[in-house]
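Colleague: First to last, the sequence lines map onto chains A and B. With the numbering used here, the residue at position 33 of the first sequence is 33, and numbering never jumps. With the numbering used here, the residue at position 182 of the second sequence is 182, and numbering never jumps.
Honestly, I wouldn't trust all of these hints.
To be verified - The calculated label-pair distances, taken between Cβ atoms and stated as ranges, are: (1) B:84 / A:124: 33 to 43 Å; (2) B:127 / A:76: 13 to 23 Å; (3) A:151 / B:9: 14 to 24 Å; (4) A:126 / B:127: 15 to 25 Å; (5) A:9 / B:145: 21 to 31 Å.
None of these hints come from the bench; they were simulated from the model. Glycine residues also receive a C-beta, built at the ideal position from the N, C-alpha and C atoms.
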Amino acid sequence: MANSSIILRESRYHHIKAMLARLRLDSSARLVVLVDKDGQQIAVHGELGDLDTTSLASLAAGNVAATGGMAKLIGENEFPTLSHEGEKESIHISVIGRVLLLVVFYDRSSLGLVKLRSKQISHELAKTFSEIEAESASAASGALPFSGITDEEIDSLFSPA
Amino acid sequence: MTFINYASREINCKIVYYGPGLCGKTTNLQYIYDSTAPQAKGKLISLATEADRTLFFDFMPLELGTVRGFKTRFHLYTVPGQVFYEASRKLILKGVDGVVFVADSQEERMDANIESLYNLEENLRVYGYELMKLPYVLQLNKRDLPNVVPSGDLTSELQRKGEPVIEAVASTGAGVFDTLKAVAKQVLTELRKS
Chain A
1 MANSSIILRE SRYHHIKAML ARLRLDSSAR LVVLVDKDGQ QIAVHGELGD
51 LDTTSLASLA AGNVAATGGM AKLIGENEFP TLSHEGEKES IHISVIGRVL
101 LLVVFYDRSS LGLVKLRSKQ ISHELAKTFS EIEAESASAA SGALPFSGIT
151 DEEIDSLFSP A
Chain B
1 MTFINYASRE INCKIVYYGP GLCGKTTNLQ YIYDSTAPQA KGKLISLATE
51 ADRTLFFDFM PLELGTVRGF KTRFHLYTVP GQVFYEASRK LILKGVDGVV
101 FVADSQEERM DANIESLYNL EENLRVYGYE LMKLPYVLQL NKRDLPNVVP
151 SGDLTSELQR KGEPVIEAVA STGAGVFDTL KAVAKQVLTE LRKS
């Protein structure tokens, strides 16, 4: 396959969660989600309620992909940030390498504050994620959870419960 | 691109349903959604036009079960089939782990099938993928209609690499889960190799 798997170890996950928690606090946001550009949710922190964050991640990636396509049409490489302002809640998305940082915030915060805090954390996130990519690329295949999977185990997923 | 999360013990894979306009890609997803237990699926998101044609994509997350302590989750996407949505169609293929090509079995759609398959191969190349190396299934849909091309002829025209060929009537669900299983198995087998 063209892209290798991304492997997120527990220590990395907790580090990312801590960064998201800090961003949420500093920007007075409702929640912060880190999403892969392909639409996979990586980590989330904040007031989830009954929000479907899986769909949110997929739609955010679609949104960034579509606006990225528009950027290329006008000669830009991509639009590094996107904002959608609602009556009570708004969304700000920053494109940081291959990941998207999505902040959902109430009107008690402000777009300017969210933009500033997102930018402040983006360097650390980019560095962490490039380290994760390097770790994923160099991971020994034998260490992956599916490396020794048998045909019977795969079949068991499809047998009626 | 498979995403393996050790903290939440999840493996996420992306499968894309591709094919010409009105071949039944969305109908495949709709049937899977309607037939799956609520705890195994998320919402079915359809970004469609007012006339119910796919505008950007349909999306649904599906959990198959647990292997070696890891939940296996498949993110199922469709592309817009209409020719003029080429730019959007290309975007959906990014990071794909497996592809289902849904062919419309009707005689008059043969050219559209061939064009769409060619388009799939072209668009995969943009991301550095080769159809020949990717988990892939050919579904011959709409087998219940009167004016269908014999499946042998369709297969010899559309099969690329000995991939599984599954006859289907997506509107009734015939062949829909067989197709999903065939591609999901290939994706998981690929994970074993990687």
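Colleague: Against the structure shown, which of the earlier numbered hints fail to hold, in ascending order?
Modeller: 5
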